[in-house]
Amino acid sequence: MSLLEIRNLSVSFDTAAGPFKAVDGIDLHVDQREVLAIVGESGSGKSVGMLATMGLLPKTATVTADRLTFEGRDLLTLSSRERRQIVGRDIAMIFQEPMASLNPCFTVGFQLTETLRFHLGLGRAERKRRAIELLQSVGIPDPEGRMSSFPHQMSGGQCQRVMIAMAIACNPKLLIADEPTTALDVTIQKQILDLLVGLQREHGMGLIMITHDMGVVAETAHRVVVQYKGRKMEEAGVLELFENPKNPYTRALLSALPENATGDRLPTVADAMALEAAR
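Everything in the sequence shown is counted per the UniProt record's numbering, starting at 1 for the first residue and increasing by one.
Since the hints were derived computationally from the structure, they do not count as laboratory data.
Don't take every hint at face value.
Claimed, not checked - Here are the simulated DSS-like pairs of lysine-lysine, each with C-alpha atoms no more than 27 Å apart in a straight line: (1) Lys-246 with Lys-229; (2) Lys-128 with Lys-173; (3) Lys-59 with Lys-246.
Using the sequences and the hints, build the whole thing.
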């Protein structure tokens, strides 16, 4: 049985111009100890699909699926209370912008200990001890001192590490990382990726990596789902995808990588799609 199984997931939003379908019939699954990468351009529905799985979309969204299960439990039929018990504890998500995700009005220590209080019911002393351990595990220097820091007193990389610490606080079975290195410089990106993969292996979690960076996919994933305009174009093992992409869009995406540039101008996905259509 898969850890997470999604069949025919669709998400639409009510707009002034009528319903807009952001996700259109997506199928995917992820197993324990597996890293699944979901790749595609901005606007391809990568994040929306995972937010729907977490139950974090606004009420203006309509979510339907033939199957949306976590460890065999139907997420669509759970009550709000039952879903809150799973989300944040068994399924956790690292969001794209750490500075926007952390509350600027509260210290890092308070935000970490509140997560532990809500999901695990730990006492004050135990919450503090566990929070310091978590900050240490994600490589934060002077973790005890950092407990009293506010997010604006920390760098972007440190804030992302705090977000990872909050996500793994309850030892989740599934971790979803939404573009976890987008706002970071190249050196810090590598550190964060190594940290995520190391934690995934150490804890035996399933990991879904949402990204548009094919380099990240090559370094971290076991399998890859390629999305375009809300639909799944292709799914394959990571080596198979890079060596023998079957879908024209996947080939276009790989052709648009900077290392495939010829001449003075970087290729775009649109350029590559045009070449695919001309074949």
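A quick look at each hint next to the structure:
Between Lys-246 and Lys-229, the direct Cα distance comes to roughly 18 Å. Compliance with the 27 Å bound is thereby established for this hinted pair. In summary, the hint linking Lys-128 to Lys-173 is supported, as the alpha carbons are separated by about 23 Å, within the 27 Å threshold. Restraint check: the Cα-Cα separation between Lys-59 and Lys-246 comes to about 37 Å, which exceeds 27 Å; the hinted pair is violated.
Against the hints set out earlier in the document, a violation occurs for number 3 only.
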